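2 protein chains.
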Amino acid sequence: MRKIGIRELEDIALGASLLGSGGGGDPYIGKLIAVGAIKDRGEVTLLDPDEVKDDAFIAPIACMGAPTVLSEKAIGGNEYAVLTDMISRYYNKKIDALMPMEAGGVNSMLPFAAAARLGLPLIDVDGMGRAFPELQMVTFTIGGVSATPMALTDEKGNSAIFKTITNKWTEELARAVTMTCGGMVSVILYCMDGKTVKNFGVKGIVTRSEKLGKSIREAKYGPLSPEENFLAACEGYKIFRGKITDIKREVRGAFNFGKAVFEGTGEFKGARGYVEFQNENLVASVEGEIRATTPDLICLVDAETFIPLPTDALKYGKRVLVIGLKCYDLWRSPEGIELVGPRYFGYDTDYIPVEQRVKGDHV
Amino acid sequence: MRKIGIRELEDIALGASLLGSGGGGDPYIGKLIAVGAIKDRGEVTLLDPDEVKDDAFIAPIACMGAPTVLSEKAIGGNEYAVLTDMISRYYNKKIDALMPMEAGGVNSMLPFAAAARLGLPLIDVDGMGRAFPELQMVTFTIGGVSATPMALTDEKGNSAIFKTITNKWTEELARAVTMTCGGMVSVILYCMDGKTVKNFGVKGIVTRSEKLGKSIREAKYGPLSPEENFLAACEGYKIFRGKITDIKREVRGAFNFGKAVFEGTGEFKGARGYVEFQNENLVASVEGEIRATTPDLICLVDAETFIPLPTDALKYGKRVLVIGLKCYDLWRSPEGIELVGPRYFGYDTDYIPVEQRVKGDHV
Chain A
1 MRKIGIRELE DIALGASLLG SGGGGDPYIG KLIAVGAIKD RGEVTLLDPD
51 EVKDDAFIAP IACMGAPTVL SEKAIGGNEY AVLTDMISRY YNKKIDALMP
101 MEAGGVNSML PFAAAARLGL PLIDVDGMGR AFPELQMVTF TIGGVSATPM
151 ALTDEKGNSA IFKTITNKWT EELARAVTMT CGGMVSVILY CMDGKTVKNF
201 GVKGIVTRSE KLGKSIREAK YGPLSPEENF LAACEGYKIF RGKITDIKRE
251 VRGAFNFGKA VFEGTGEFKG ARGYVEFQNE NLVASVEGEI RATTPDLICL
301 VDAETFIPLP TDALKYGKRV LVIGLKCYDL WRSPEGIELV GPRYFGYDTD
351 YIPVEQRVKG DHV
Chain B
1 MRKIGIRELE DIALGASLLG SGGGGDPYIG KLIAVGAIKD RGEVTLLDPD
51 EVKDDAFIAP IACMGAPTVL SEKAIGGNEY AVLTDMISRY YNKKIDALMP
101 MEAGGVNSML PFAAAARLGL PLIDVDGMGR AFPELQMVTF TIGGVSATPM
151 ALTDEKGNSA IFKTITNKWT EELARAVTMT CGGMVSVILY CMDGKTVKNF
201 GVKGIVTRSE KLGKSIREAK YGPLSPEENF LAACEGYKIF RGKITDIKRE
251 VRGAFNFGKA VFEGTGEFKG ARGYVEFQNE NLVASVEGEI RATTPDLICL
301 VDAETFIPLP TDALKYGKRV LVIGLKCYDL WRSPEGIELV GPRYFGYDTD
351 YIPVEQRVKG DHV
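Protein chains in written order, with my numbering: chain A, 1 to 363; chain B, 1 to 363.
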């Protein structure tokens, strides 16, 4: 158990933008909302999962929709209380703690705002260890946990409780309502007991975010070159270094699809790299050979500062380092690969762990 | 209080297709579902609204979506029990009686199926006295009744409970989920007490449907000409008689828009008539002069048999009688006109009652 204040949020937000692996939304606005809540109500208690009782009632909290909408449409501040009231009433149980469901991107920050406003502790765990575009894509789906009963509310005061036959149906119904409500809503879903959190959650992910943030911020102070310091601290695999020469984008359904093309620089001079994305980066290849795929994390960072670059910040001429991070173990199981592997996203290729694809490049 | 069996359903369904005024879906499939339920479980008790206690808890039941989907996608039979369980649990109250919300079209029949399956009485009342395309378009909206908490379920077992800030928002959110569920769902909405039913409902509308059905079936046996018998029995205003020479259709959003053009026959020979619709018929005009608009009912019937014609049955060469029926009084209030008058549907014209527009044509 420890307290999270405004200083800790800075590193967590920076690390969360790396874990977003191109998607999940820029945590910046989420951070402003969380900082505001902590200034008002004080620091948030972060619990280690092992400090949570097996029969504790845990509510994961998140926003759903297009994070860019957050910059135009405020979160009202009342949504979190509405959601916890809906859930407490439905289950007829008091919520003991909140948790994030997605540690990458903006959903790393909003649970801190909710925890501060509601005076509830937050657990150092999530259901992705990164960001993914659809709500059934959580480790708890593999664990057989239902996403529903799920509570949803918008900032105007409309709300819904869903109960569905699969977590994919939850995604379908809740996505339709989210779009109708203006593209962004707040949700509580995958309510579960403490034991299930410990069995299937990605433990310590908030602390890992904080360390990743620190590895970016302190890269230039380490014993080696800044890049070597950064890669060592984040346990990253170097996939490519290059300059963006082309970027294609397409919006289909509720998703941003695209492909970035890089001309190699430094030790990659003369080679050509590619990164394809659907909200998050999905496949990275060099000279036609795949070097990393989902569910491993493919992260693009500024080649000098190592600041993570979301896909919507990519543009011609930008100098970029492409790195791979190992995903959470459970994603590498057959069930995990079925849920979030390359074939789910339409790529006709098997999943091979990034550390095998990038042989010998591991710093 | 009286019992409704299979014989009564025939006339009610026929009358409901007239009250559908072109929309609401063909009651035929709904009738098959209701007949099946009555064969299984016995006749349904129809209560006069005045027999309902002021503090009784009443649940209006309906299907939402495109009625044509019913012919491809069965109603499972379990939906009604799921819905009443959801509502009883949410309100923590036992449901005393069901009622239809829309007496025109397929929603005239499904409440009989639900009442038979659940062993609950049905009240002889609805919230439209006809059919309308959107769920906020009920007399209870004028009475300040909230459509929510609303329960929705599909035949697969997905369900949702909505709570919204206005009845128009209920329409928006529930419509999005309906489309995602495959275009057709079952719902309970506008739950209220017996007193409110009596204050704002269209009383006796099931009995009126039955009489309208009888007026069609027995038109040829009366003292006058079949057409005169029919018009007198249904209190209809003759707007036009003609042959369809053109029909335009367009699907926009979740709605069927269109316009039928008629070449006059008989006493209308040489004149040209028009009927425009959005699911239901909205405006009828003769030689450029409007003869009837929503919320009055504009009904197209076969010129010989007086069988009502839904808009999707209109085709070139069909000989048609266009009649107007007075709408329920509350629709003629300023609040009613705002909710369902011609301007809501995009027509730049005031509402004038059909009996004033069709002067002297009232048989």
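Hints listed in this document are in silico derivations from the structure and should not be mistaken for laboratory results.
Quantities reported herein were computed from a predicted structural model and do not represent experimental measurements.
Among the hints, erroneous ones may be present.
Given that identical chains are not distinguished, each listed pair holds provided it fits within a single copy or across any two copies.
As the list claims (entries may be wrong) - For lysine-lysine, the following BS3-like pairs were computed, each having C-alpha atoms within a straight-line distance of at most 30 Å: (1) 156 - 93; (2) 203 - 168; (3) 243 - 198; (4) 195 - 238; (5) 326 - 198; (6) 168 - 156; (7) 318 - 259; (8) 93 - 211.
- Query: Which of the listed hints are not met by the structure?
  - Reply: 3, 4, 8
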